[in-house]
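Protein chains in written order, with this note's numbering: chain X, 1 to 313; chain C, 1001 to 1349; chain P, 2001 to 2510.
Quick caveat, the hints were computed from the structure, so don't treat them as lab data.
As the structure is a prediction and not an experimental result, all values here were calculated from the model.
All C-beta atoms, glycine included, are put in the ideal place defined by N, C-alpha and C.
Don't take every hint at face value.
[Claimed, not checked] Below, a sample of chain C positions facing chain X; criterion: calculated Cβ distance under 10 Å:
(1) Ile1024
(2) Gly1038
(3) Trp1115
(4) Leu1126
(5) Asn1154
(6) Tyr1166
(7) Leu1169
(8) His1172
(9) Trp1210
(10) Val1314
(11) Gly1317
(12) Asn1324
[To be verified] With a Cα cut of at most 30 Å, we get these calculated BS3-like pairs of lysine-lysine:
(13) Lys302/X to Lys1240/C
(14) Lys2072/P to Lys2220/P
(15) Lys2077/P to Lys2096/P
(16) Lys91/X to Lys2021/P
(17) Lys2202/P to Lys310/X
(18) Lys2061/P to Lys302/X
(19) Lys1181/C to Lys1217/C
[What the hints assert, rightly or not] Chain P residues, not near chain C, derived (Cβ > 10 Å throughout):
(20) Lys2110
(21) Phe2335
(22) Glu2360
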Amino acid sequence: MSEILTLSFLIPLFTAGVRMSAPLIFGAAGNIMNERSGVMNIGLEGEMLISALTSFMVAERTGSLLIGVLSGGITGMLCALLIAFWSVSRKQDQSVVGIMFNIFALGFTNFLYRAVYGISTSKAKVSILREVHIPLLSKIPILGDILFRQNILVYLAFILSILIWLLLTHTKFGWQVQAVGENPKAAAAAGVSVIGIRYISYLFSGFMAGIGGSFLSCGIVGTFTENMTSGRGFICLAITILARWNPIYAIFASLLFGTTEALQLRLQALGASLPYQFFVALPFIVTLAALVIFGRNIRAPKSLGAIYTKESR
Amino acid sequence: MKMLDSIRDKNIISKCIILIISIIAALLIGAVFLMVLGVNPVESYYYLLIRPFQSLRSIGELSIKLTPILLIGIGVSFTFQAKLTNLGGEGQICMGAIGMTLVGISPLAEALGPWWILPGMLTAALFGALWAGIAGFFKTRFKASEIITTLLLNYIAVQFLSYCVYYPLRDHKGNIPQSAKVASTLPKLIEGSRMNAGVILAVIGVIIYWIIIRKTKFGYNLRVLGGSIKASVYGGISKKKYYLIAMLISGAFAGIAGSIEIAGTQTRLVEGLAGTYGFDGVVASLMGMQHPVGVLLSSILLAGLSVGAETMQVKTGVSSLFLNVLEALIVLFILLGFSFFNGKGGKNE
Amino acid sequence: MAEKKTLLELKGITKSFGSFKANDNIDLNVFNGEIHALLGENGAGKSTLMNILFGIYKADKGKIYISGKEVKIQSPKDALSYGIGMVHQHFMLVEKFSALENIYLLGDEKPLTFTHRKKIETRLNALKEKYGIEVDLNSPVEQLSIGMQQKIEILKLLYTGAEVLILDEPTAILIPQECDILFEIISNLAKEGKGIIFISHKLDEVLSISNRITVLSKGKVTGRIATKDADKNAIIKMMVGEEISIPEIKKTSNNNTNQIPILRADEVEAKDERGIQTLNGVSLSIYPSEIVGIASVEGNGQEELAEVMAGVRKAAKGNMFINNKQVSTRAAKDFIDNGIEYVPADRNYVGSVPDFPLYENWILRNRKPSKKRMLLDYITIKQQTGKAMEDYDVRARGAEERTANLSGGNLQKFIMARALSKNPKALICSYPTRGLDIKATWFIREKVLEAKSSGVGILLISGDFEELFALSDRIVVMYRGKIVGEVLPEDSSVREVGSMMMGVNSHEDA
């Protein structure tokens, strides 16, 4: 137990925590934009999973991580386009569409990976994103190591979250998004295109989910494994609620879960006396507890999940 | 579930047509995926769709899968009626299986002989109900979305089951993490196949569902709650009470599915016994539009495809999870089909 | 006065919803500086026409001309760009935004620009001055009064430079004194050259404010008159299509002196949907064979009072008594079992489940729909439904008809039939004739009176003064969640009640 409280344990722990929080930040921040416009994206998990695969495949074939990650983002957007079409244009129940999309994604990634790579035991790999040390800031003791020696996508996650917050609260577009999520009829009467805004928010969160998924395969692990998102998309949904639909708070919540994940890996490695299943379940237990303790009596965007029809009598 | 709303008063015939067209469309798109990757779709589909129904043995396999899919499908249909989305089938079936195993390897089972199965199932139903009840409690007390909580509980339950077979319930003979065999198993129905009596219970479950939902005030109240929460308040129906009971019932059904897995198919507790049944049940409920016959037929279809998918994987190397792709496409096409049927009739003056 | 020009012209507008023709070949024009009333009873097609003009609906046939040029209006954005603005009956405001933020949405700024609060504030203050509109720009709209929200809606349109302003039943939610302020604003707008379309079903107010009147009935234009030439009876005939004799209501006196109240509220307090306490301590008794009218501005606790007394809302404090026996406000079933029935304001989502067939909605507030077994006896239920539909003239294809397909009048008759079929001891009616056409309105009122004479104690919440004064034995006025006065209709006036609804108490010291 005493070994846990040393800096040589804690610094790598928190560094890993920051790294593991990045996919969550991407997913949650994008999802916040989504839900603020009044539509749910339960299919986030599926978007992340498919993008993890495609980004890996493209990176492996082209040898370029950048192209791989970008194609992951585009994949996410294409998935979102599908989901948006069913949810917004065809006005189907958003949670059903999302659930079915997740089932699709699990089958599709499995099928595709096997078809392309077969089931050989030696796995195809890519080298993961390298660290970029920020000059000056990375020299700060402790914090410098943890925060400023990450790969470029981590920095991007933080920056994008802040930008999304700015966008939502201080630009006309952001106000339009909020209006659509609170009272779409009022927004429409003010000349805002409800359908347009919702499509944009789906595409945007799809892109973010795609980058988040790519980060898993290209930024952390270096390969694709079956169902590698293992519930992160759902944790992002919980983070969205805990963060009260504020991207800045989402950063903190994601850091909490990312660190929990990093912790459970390390505790397992240390041979802690609890069975490993406990550690695997830990992030989910923590998420559930947080959702229940801190997630009550908060005000979601008023029209979240409700189906909007223009000509409703 | 707005999908229910848009189809509730349509012709049965048009519903069936849309169902059939969706299945065909999904198969066509699936074929495209297969061809693009150099796989012969005709061969794959033969193993997927036709083989499962050709031999007594594979029909037995079908029935083994049918039981949990149907039970979970019905259980989930209860909650869908109240517009609740219970995605926790996987976790609830695990907890049910654990409950059944606890009774099945206990001295009680020795004493009771084959009758241990009854208290075993009761325990399994209880465990499943309680696991679902956690999510129900969080929903009614803390307004926590049941979609998220049931999903999170799945991950936790799967780990808990793994822990059980590795440690406390582990069979010390042999090296594999699994529990000891339970005292006895459900009777087989047909020689030469693995079909067991559990499938009869599943069908009885369908009948119970139909009676409750269509013929009792309780079922009516659930449907009112699903139709309009404000109307349920008006009608003096307690939203919290009904949400909780609906979750408990659906958890109980999943728990019983778990018990049949133990006493019928697996004979002992092992990892992965939940398989994909949790979501298959949800798909069956959606495809069957919460109608008892619809859910039954959809479950049979899904069970057949599930058996076929395993054969397909062995014979052609195509991942058995390809079935997920087809399932999802079918439901999405059904939704698409019904989205074009939006004329609900004009107002009468 | 500026030179007269035609701001807007509608030609041949036709629109059907399924088999129902809401607008049939309608022509309409609006000049600058005029207040043009669109008059017709509920369901005549007025709102549909205006929603077409504002781009919310698309007409099946017909053309729209702005200043002589033909235009296509596909969305509110188009309408606004052509200078057409609309204030809807149900306000189109984002509740958690302030007035300023709501109005900002309509500006010309490009989406990806930073928001400049000061700039808009200055422009808005100038507009407020010019037209004499007093508005709180910075508080969240949900915290403001209905009257102020309406003024924000009007300010919104002026900000976008609307030349034609459509006001859809603007006085529906106002008390007389607020109506005066509104009419003054409208006059100012007309003086500045705007064209106003004033939609209403109230003949008297239309006569007092408009320059011209176009009458709609059953989707068609049935009359066009200059207001100064208007003949009241002729107009009524144009509206309804027949001579309607308004039945005479004979009030029966009742002796309440030694009776036990059927329903009694004792200092009840309650919160509304949002968790805000709107009912702040009300004590009220309802005796058999009487109609107690409640007059109040929307949002002053009357809805919550009705819900508590019907047993569908928990009282935060205070007690409810049925026949002087205390009942818990958490136990809706006790209210239902004791014969307390409720006709809610929202017939579509509260009073019924829209997607159910009628016979399934018949048993909505029934505790024991089948006397014999545990199972529902749908044969009997369908029979009962069918009979009730006959007795109450509910027009539908049968007891299997999907409830959402019913018109407002028919649905309300169905709900009334359902409530009265249980032989209730008390009946709570919340805005029972709101949005109904004249025939259905009087049918419902008749049924209420019938119920009263057969001994039922009735609580009637209504925004229609005519209705309150005609039907009530006594009128209780609520303001800010409390009872501020009680009057007998024959001893009082609409003005007096209106003042009390605003919190002005003429009998006591402030």
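Quick rundown of the hints versus the structure:
1. Ile1024: violated, 18 Å
2. Gly1038: holds, 8 Å
3. Trp1115: violated, 33 Å
4. Leu1126: violated, 21 Å
5. Asn1154: holds, 8 Å
6. Tyr1166: Interface hint status for Tyr1166/C: holds (7 Å vs cutoff 10 Å).
7. Leu1169: Interface hint status for Leu1169/C: violated (13 Å vs cutoff 10 Å).
8. His1172: Given a least distance of 17 Å, the restraint on His1172/C is violated.
9. Trp1210: violated, 23 Å
10. Val1314: violated, 12 Å
11. Gly1317: Given a least distance of 7 Å, the restraint on Gly1317/C holds.
12. Asn1324: holds, 3 Å
13. Lys302/X to Lys1240/C: Answer holds: Lys302/X to Lys1240/C is near 21 Å, not above 30 Å.
14. Lys2072/P to Lys2220/P: holds, 22 Å
15. Lys2077/P to Lys2096/P: Roughly 22 Å separates the two Cα atoms, so the pair holds.
16. Lys91/X to Lys2021/P: Holds, at roughly 26 Å.
17. Lys2202/P to Lys310/X: It holds: about 29 Å lies between the C-alpha atoms, which stays within 30 Å.
18. Lys2061/P to Lys302/X: violated, 36 Å
19. Lys1181/C to Lys1217/C: violated, 42 Å
20. Lys2110: Consistent with the label, Lys2110/P stays out of reach of chain C, its closest Cβ about 34 Å off (over 10 Å).
21. Phe2335: About 7 Å separates Phe2335/P from the closest Cβ of chain C, which leaves it inside 10 Å; violated.
22. Glu2360: Given that some Cβ of chain C is not farther than 10 Å from that of Glu2360/P, nearest at about 7 Å, it is violated.
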